[in-house]
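Number of protein chains: 2
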Amino acid sequence: MGRYEELTSLSLRKGFLIPSAEIYGGLAGFYEYGHNGARLLRKWENLWIEYFLGLGDDYHLIDTSTVLPYRALEASGHVDLFTDILVYCTKCKEAHRADQLIEAATGTSGEGLDVEQVRSAIRENNIKCQRCGGPLGEPVPFNIMFPLSVGPQGEEKAFLRPETAQGAYLSFRREFEILRKRLPLGLGSVGRVYRNEISPRQGTYRMREFRQAELQIFFNPETFDEELDLEEVKDARLRVVLKDERGGIAEKSVEDLLDGGDLPAFYLYHLAKVQEFYLDLLQVPQDAFRLYELNEAERAFYNQIHFDVQIDMESLGGFREVGGVHYRTAYDLTRHAEHSKERLEVFHGGKRFVPHVLELSFGIDRNIWALLDLDYDIGEKAVLRLPARLSPFTCAVFPLVRRDGLPEVAIRIYRQMRRWFEALYDDSGSIGRRYARMDEIGTPYCLTVDHESLEKEDVTVRERDSTQQVRVSVERLRPTLASLLDGTISFEGLQGGH
Amino acid sequence: MGRYEELTSLSLRKGFLIPSAEIYGGLAGFYEYGHNGARLLRKWENLWIEYFLGLGDDYHLIDTSTVLPYRALEASGHVDLFTDILVYCTKCKEAHRADQLIEAATGTSGEGLDVEQVRSAIRENNIKCQRCGGPLGEPVPFNIMFPLSVGPQGEEKAFLRPETAQGAYLSFRREFEILRKRLPLGLGSVGRVYRNEISPRQGTYRMREFRQAELQIFFNPETFDEELDLEEVKDARLRVVLKDERGGIAEKSVEDLLDGGDLPAFYLYHLAKVQEFYLDLLQVPQDAFRLYELNEAERAFYNQIHFDVQIDMESLGGFREVGGVHYRTAYDLTRHAEHSKERLEVFHGGKRFVPHVLELSFGIDRNIWALLDLDYDIGEKAVLRLPARLSPFTCAVFPLVRRDGLPEVAIRIYRQMRRWFEALYDDSGSIGRRYARMDEIGTPYCLTVDHESLEKEDVTVRERDSTQQVRVSVERLRPTLASLLDGTISFEGLQGGH
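Top to bottom, those sequences are chains A and B. Start counting at 1 in the first sequence, then tack on 842, and there's your number in this note's numbering. Start counting at 1 in the second sequence, then tack on 842, and there's your number in this note's numbering.
Careful: at least some of the hints might be erroneous.
When chains are identical, the list treats them as one kind, so a pair holds in a single copy or across two.
Claimed, not checked - Calculated cross-link-like contacts (lysine-lysine; reagent style DSSO-like; alpha-carbon spacing at most 30 Å):
1. Lys856 - Lys1094
2. Lys1023 - Lys1223
3. Lys1183 - Lys856
4. Lys1094 - Lys1115
5. Lys1023 - Lys856
No wet-lab data here; the hints were simulated from the structure.
Hey, can you work out the whole structure from these sequences and the hints?
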C-alpha cells in the first residue's frame, strides 16, 4: 500500500477526511471531516488564530460572507483573470486542465501559460488526450468561480468566494474606522472557499470546496519595518529556496538575508514567524519544511514578493504548497477604491496613502493532510504522533478490567475530565487493544484505573510516544494534563518528579 | 430611535453584524461579522459545542460539506418540497412571499398554505402589491435552494445545503461503524447554510446565508427513555406553550408533563436541557424565554413532535424563533436508504431497525441577535451585559495616565493576559471614556494600572455590571479571571475576600 493509500485508509477508518455524500457515491472534489477530523480541524484553526492574530495588537478575526457580488469580484480581477485553460478531447469529450496535460507530457510546469502558448505546446509536443489518446480541441480559458444567482429572478449576480482575502479588503474601511485608524491593522479570516476545479484529482490536495486561514496585514510601507521587533527574529535561520538559487534548501539567518538587500525587513520578520509556527507549534521536522520563493514569471503580477510555504509529503511525492506569504502592495485596495468609488486612503504618519497589504495565506485542509502525512507512523504499530494540543482527543479513561468497581471509578474520572478536555471512555477489549486504538487517532494520554487506584485515588497516565507510564493522583490530573498540554512540564519531568 | 435601529447602530459602530460587501452597497440578505461579532460568534459556537455535545458520551462534532449532490436533496425531499409560494406584482414586477403578504393583509399566518389556498386568500381579501398597489399575478411555488453546477461542463447538479442536518444523515452509517455501533449516537454540525429567500427583510433575522448549530441524535425508540438520566431534570419547570393551550406561557414540571402522557420522556429530557442552556448559560431572563409547541398543521409532516425555542426580542416585536426541537422519527434515514440503496438499518438491543432522530436545531445568527437585543442596555450609559464567557473581549488593560511608567507596566500585563484571554490595551482618552468603550462591547473586566500598582504590583479590577472595583495582585490575575469566567467565584465574593 502506498503512502497515499495508507493515509486514505486511516482517514476513512477513523473519520478524518471522508468523501462527501459518500452513500450517494460522493461528489468529485468534495471531502468532509468525520468526528476525529472535525476536532483536529477546529484545534488547528484555534491554534492558527491564537498565533497569527497574536502577532499584532490590532489584529482581529472577522467572519465574512462566502457569497460576494459580481462587482466586487470584477474589481478584484477574479471575473477576468481567475481562469484555468481548459482543453477538451475531441473524441471522448474529457475536460483537461492544460497546464497539467503539458506537465504530464513534457515534465516541465505548464503553469502561467496563455492560450496561445498552450496551443503551441500541444502542437509541438504532439500531446493527446490522457484518457483515450484522441486529438485535443482548442484551448479555452475557463473561469473557476462558481456563479450564483441571488433572488427569485436571479436578479443579483454573485459568486461563491474563491478566497477569504476579499472579505478583508471589503471590510477594511469600516474596521479601520472602528479600530481608531491605527496601522498596522490585521484582519484574519478562517473559512470555506470554492473553486470549480477542472479536474480535482489528488484527493484532498485540490478540492472544489476547501478552507483557508488568511491574515491580511494593512500597513504603512514607510514605517512598518520600524514597528516590528526585528531583534526577536534576527537570529532565526530560515529554510529558504531563493528564486535565483534553486539548487536546494539554504539555511540563512534573517540578519544575512536583510544584508542581502533583496527582501525588506517586514517581509523577513513574517517569514520567520511563519517558520516558527510550523517548526515549533506544529512540530514539523526541519527537513520537511521550506520557504520557496517564486520568480516574476511564476508569481501573480500584483505580488511584489511571494514565497510559498511548502511541506514534504510522501503521499504527494515531495514538497507541496500549504501556504504562502504575499506582498500584494496597494493593489487590492486601489482596485476596490476605483470600482466602488469609495475612498480607501488613510491618513497615517503625516501622509495620505492607500495601505499596502501583506497576506499570510494557508490552505487548512492541505495543512491537515500534511500533518497526517508527517505524523502517521506505521512501524511496529500505528501511531499518529500529532502535537498533543492538536490531537482530536486529549485523553482517554479506561478501567483496567470491567469488574471490581473499576468501571464506576473510571467513568467518574472520565466525566470530570470531559469538563476540561476532549476525553473518551473505553472499557472494551484488552488494555493493549485500547491503547492501540488511542495511538492510531493520536490521543496523547491514556488514564487507566487499576486496583491500586481504588486505595490511592490515582491513575496511571500513559504517554503515547514513549509508552511510558506514571501514576498521578486524581486530584492533580487536571493541572497535570493542562501543564503537559501548554508545555510547562514534560512527561519526562513528570516521571522524574514522581 | 426604535430598538431595531439601536441594535443596528451598535452593530455597525462596534463591528458586530455588518452588511456584506458594504462598499459596493451590500447584497440583500447577506450580513457578516466584524471583529467584535466574530469573537462573540466563535464563543457562542464553542459554548454550544461544549454543552450539547456534552449531553452524551457518543456525541461528536462533524464538519460536512456545504455543497450537496442533487440526488441527496431529492431523497431528503428538498428538491420537491423546499419551496415558498411566490407572487409577482403584474405592474411593478416586485416578488412577494405569499405567506408574508397574506399575514400583512389579514393579520393571520399564511404559513403552510398551498398554491390553491394562496390564490383564494388573495382573491377573498382583495390583496394588492404592497409596494405599488398593483394587481398580483398567479402564485407559483419557488424552490429556495441555490443550485450549483459542478465541473467545467456543469455535469454534476448540486445545491448549496439548506440545512446542516443532511450532512449528519449522510454520515450516519460511516460514523456509526467507526464509533462501534452504539446508540444513542449524536452528530453535531456548526456551519453555514443557504436559502434564496424571496424577500429577505427583517435584517439579520431572515438571511440568505446564515449559520446553524444542529445536533442530530440517532436513537433506539424502545430504549432511549431508559438511557437518559430523567432524575436530573424531573423538577425542571419548563416554560411551555402547548399546542392545545395557546393562552400564554405555562410553567410545568417535567414530571407533570410526563404524567400528562402526550410527550415521551426522551423528548422532555431534551426540552429541559435546551431550556437550561438558555436560562443558565446564556442567562436569558425567564420571561423572555418559551418553548412553543407546533400543532399538526404547523409542523412539517415528518416531525412527530415539534417545539420552537423562542425568545422575546423587542427589536423584532415579540417572541421569535431561535431554535427548535424536532422528533423526526425514522423519516430521514429511511428516505436516504431508499434513494441511495444503502442499508441504513442497525442491529441494536436485539432488534434490527432504522434509528429514529431527535434534532436540536439552532439558528446561530438569530441567537446572536437575540443576545444583543436582550443584553444591550441603554440606560444612563450604554452597556452590553453579555455573559462574561461570551463577551468578545474578557479584559482590557489601561494605564491610569500616560506617564510615570504606568503605560510600560500596563503593556506588560496586557501581553501576559493576551496569552490566556482575549484582551485589549487602551491608553487614549479619560479613564471614564475607556470604561465606557469597554462597556459598550461588553468587556466584563477592566484592569487599571495606577500609581499604587507600581509599589504593590497589583491592578484595580473593575466589573462591568456593578462598576465596582477591587485590587488584585498581578500574580493572581490569571487564576482570578479564570475563576470569574467559569463561575467558581463571583465578583462580590472577590470583594468580600479582599
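Hints, one by one, checked against the model:
1. Lys856 - Lys1094: neither (40 Å within a copy, 44 Å between copies)
2. Lys1023 - Lys1223: between (56 Å within a copy, 25 Å between copies)
3. Lys1183 - Lys856: between (51 Å within a copy, 24 Å between copies)
4. Lys1094 - Lys1115: within (15 Å within a copy, 58 Å between copies)
5. Lys1023 - Lys856: between (48 Å within a copy, 14 Å between copies)
Hint 1 from the earlier list is the only one contradicted by this structure; the remaining hints agree with it.
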